[in-house]
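Number of protein chains: 2
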Amino acid sequence: MKTLQLSPLQKARYEYQPKLPKALQSDLASISVEFGAATEAIADQARLKELFAKTYGKPIASFTSGSNDVSSKLLRVGVILSGGQAPGGHNVIAGIYDGLKKGNPESVLIGFKGGPSGLLEKDYVEITDSFMDEYRNTGGFDMIGSGRTKISTDQQFADSLRVAKELQLNAVVVIGGDDSNTNAALLAEYFIQEGTNIQVIGVPKTIDGDLKNEYIETSFGFDTAVKTYAELIGNIGRDANSAKKYWHFIKLMGRSASHIALECALQTRPNICLISEEIAEKKQTLEQIVNSIADTVVTRSSNGENFGLVLIPEGLIEFIPEMNELIAQLNDLLAKEAAEYEKLSSFEDQTAWVISKLSAASGAVFKELPADIQKQLLMDRDPHGNVQVSRIETEKLLIGMVEKRLVELQKAGSYSGKFSALNHFFGYEGRCAFPSNFDADYCYSLGYTAFLLIAQGLTGYLSSVRNLDKPAAEWQAGGIPLTMMMNMEQRHGSAKPVIRKALVELDGKPFQEFVKHRQIWATQTSYVFPGAIQYYGPAEVCDQPTITLGLERS
Amino acid sequence: MKTLQLSPLQKARYEYQPKLPKALQSDLASISVEFGAATEAIADQARLKELFAKTYGKPIASFTSGSNDVSSKLLRVGVILSGGQAPGGHNVIAGIYDGLKKGNPESVLIGFKGGPSGLLEKDYVEITDSFMDEYRNTGGFDMIGSGRTKISTDQQFADSLRVAKELQLNAVVVIGGDDSNTNAALLAEYFIQEGTNIQVIGVPKTIDGDLKNEYIETSFGFDTAVKTYAELIGNIGRDANSAKKYWHFIKLMGRSASHIALECALQTRPNICLISEEIAEKKQTLEQIVNSIADTVVTRSSNGENFGLVLIPEGLIEFIPEMNELIAQLNDLLAKEAAEYEKLSSFEDQTAWVISKLSAASGAVFKELPADIQKQLLMDRDPHGNVQVSRIETEKLLIGMVEKRLVELQKAGSYSGKFSALNHFFGYEGRCAFPSNFDADYCYSLGYTAFLLIAQGLTGYLSSVRNLDKPAAEWQAGGIPLTMMMNMEQRHGSAKPVIRKALVELDGKPFQEFVKHRQIWATQTSYVFPGAIQYYGPAEVCDQPTITLGLERS
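Just so you know, the protein sequences line up as chains A and B, in that order. In this text, residue positions in the first sequence follow the numbering used here: the first is 388, and each later residue adds one. In this text, residue positions in the second sequence follow the numbering used here: the first is 388, and each later residue adds one.
Derived from the structure by calculation, the hints contain no laboratory data. Any given hint might turn out to be false.
Any copy, or any two copies together, can satisfy a pair, since identical chains are not distinguished.
Mimicking DSS-like on lysine-lysine, the simulated pairs with C-alpha atoms at most 27 Å apart in a straight line are [what the hints assert, rightly or not]:
#	residue 1	residue 2
1	537	441
2	896	398
3	754	730
4	798	669
5	783	762
6	500	631
My request is simple: use the sequences and hints to build the entire structure.
Below, the structure written as structure tokens:
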């Protein structure tokens, strides 16, 4: 895509100079690195020490004012964007680029195109000043593209090394989520084991917010994405409160964790927000969830308010134990008995057959689902024959079942309101927004820090910028050994080293804050209207981090 | 709803002082009114002159620097929000309120609650400083609520007059779209015919942009709504161009006219934007539309781009002649032969029966529709038995049919790409956004002007602020006689006086600008990323009117 026309905001954003932590604002030669003690993995230490013989247990690195004699080295670095888009990716690249060029104008940054496959296939572009300038402070990953290829086979590891050597790279930076950074750790180890000095540095990216821990306060992109969704939810809330006739069921991206839904709830105060982790923990059934929503509809209706807002995390279905079981049984059944199933032509015959084959419990769950959801479960399957969970319209499923429940309550005389519901799904709207000032600053700092880690000759580290609830000048930059965040988990039947995914913690402050208020928010309309992300204007409007981050850091 | 918590943006927006046209910035006593010549309706002048014996043919009013001795009159005014929400409604109220209080601190503004029914039922609230201040520069109509009640029966007219008299009102301001302002004209005439001096002033509101003409350059709310949708479309375009794997089909609110889709296309440059008015004019069939989209998919795929953006106006279906005919036949058939239809239990029997009863042409159209759309047409009917056109998921209909067409092309060997499509519908997201600076200024000016018209003793006028492509100081405020914008149209079988709806003009500059570029945009990815509405920062980012307005005024 040749950019022919720029929006006024894009032009204005080109001029934005991201803020850096104080220690990183000085001359490169005036930054020193400090190391802490040796570190340990969060679990399975012995096994991880074996797997990461060369990179395990490194100390945490911090950058402070001081001096160094490595920052002017001539370096050749390759960068990869891995996985789904997140606002700020271009600024990570800008941070690396500016650091490299400031250190030594002869240093080179190349961008691998289309994700990790760009490394495997030696498909890349050398980044120049004018090319970089077209992408500063912009959203999207379109500068070099992204992809979901995993470097996993022996051949792929060998190809990565060959290409890195051919391009005479000193280092590869992998910008990605938990999986991609696990991959970065493996690649770092492999490069050393193969006798090279090629370094690998990770950068924590994901709008889902599930790559975080004691040392990574948030992944980049979460801030902008939730602010974009909160804008829309707030607008819809205001519409609901003005028109007073619709219940809006809003599904939000975030397959594994409910951080996005939770943060949006804290920002906008909807009547209901489902948190998958709580539902799994309490082993709630679909019926319980539906009845609980219906009860809130009834209560609000009796207060004269036949409208409302419900937030639903995208991954909900898989966290409801009985649905998870049903899907597993369906996947199994339709794979094993495909031939018999294929003979059935009418939907009625298919459902009858399926119910007869499922366990009694799963059959009963299936039977209660609205017909269009039954159809999605039977027909919308991926090439492996599995149900495509992400395609299930959970928001419509809940609307259908709540409607049914309300009819029952109406017949029983305990409800006489009107229920008219609309559904929405927000995800793609937020992944490529112009990064908020927070994400623009954070990403640029992460990229700049990644360069500093490379200059220091470190490998197997994740670029880390902390103290993020404070103004950018007070942020602390450094590096966290990737192995420190790992444990062993079962994947496809065998134990693999992985970075542990951060789900919503039910005893954590953000969820507890939500619990403290949700009963009030359910019945008393308390919507907050965040409005569109602002890049200019008062700092309290433009530069605030998320509520989740603020609470977790308090 | 008791507002318990304000977002930082909401607090900051309270401080925003909307800009006024120069003539309105001075003391109220230093504003004079000028009148043009007598006016005529756009058509059916004789009949309209009869119907509006007292209010027909008034001159256009303009406010300029000068003097007057009426602006300090003690006035009692009632205001009504009518119809769907549009950003800026609260600022219209603020403009009226501030004008009234500046003129005479004893003047009173009351807000009728829940739309026109508030007038009929004498359900109102007196607006105070503190109440007003909670809603300045905010979105939504939640300050006093809105509603869709039409004042149409003799009883309703009589009730309106009785309540207005009981409340000792000097004037009623109706903030609404074409229908509501037609109603305002009728009410103005009625009040005079009944021997009172109660005035009625209209204010042009609708995000759809279809209330405009030579004298009303744009309706308020359009600016903010399209900017909100363009933000989302741009974000999705950037995502599509980064991920390079999805076609996004985006339906946009706007039932009668395609102004919203057209403006969003001009702002974001998608690959395809359907314009209902063109489809109707060219009498295109659904098959032609589908084939044309598929052709673009094929061309882009042959360029290696298996992704794209398609914008679809909400009202599309009704503009496709054969679909319009099919829906009319279905409504008729299912009403007349309901008993026979009800006997059929399976979907297969229902479709077979329906096809046998429809005309051959409509039967063929129905047969080609995807099953879920056939189902929506048969099952999703309103209490009168009519198909609920607004509930038809046109975006999914098109995806389904394009998929089918691509399979044919694949079999014929003329397509070998991948087509994976996602659907979106944006409407509610934009109706209650914080008004853009343009809408905040425009609405406040409209409200202030409405007050001036009232002070001048005028009735049957629409508040008008023109020259809107220039900075606010150069705007021109005045009043346009409502009858001037009217003609006679068939409604429910009889000729009624109505304000003519402004559809997209195929020979107008905005559409011609689109036509000039659309072939390039179709095949060469040319997306523009407008980003979120900005309220602070450079004027070229914050204060620009829409492209449609700019072109129409050029």
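Hint-by-hint comparison with the structure:
no., hint, verdict
1, 537 with 441, "within (22 Å within a copy, 78 Å between copies)"
2, 896 with 398, "between (39 Å within a copy, 26 Å between copies)"
3, 754 with 730, "both (21 Å within a copy, 25 Å between copies)"
4, 798 with 669, "neither (30 Å within a copy, 51 Å between copies)"
5, 783 with 762, "both (13 Å within a copy, 16 Å between copies)"
6, 500 with 631, "between (49 Å within a copy, 12 Å between copies)"
In this structure, the one hint that does not hold is number 4.
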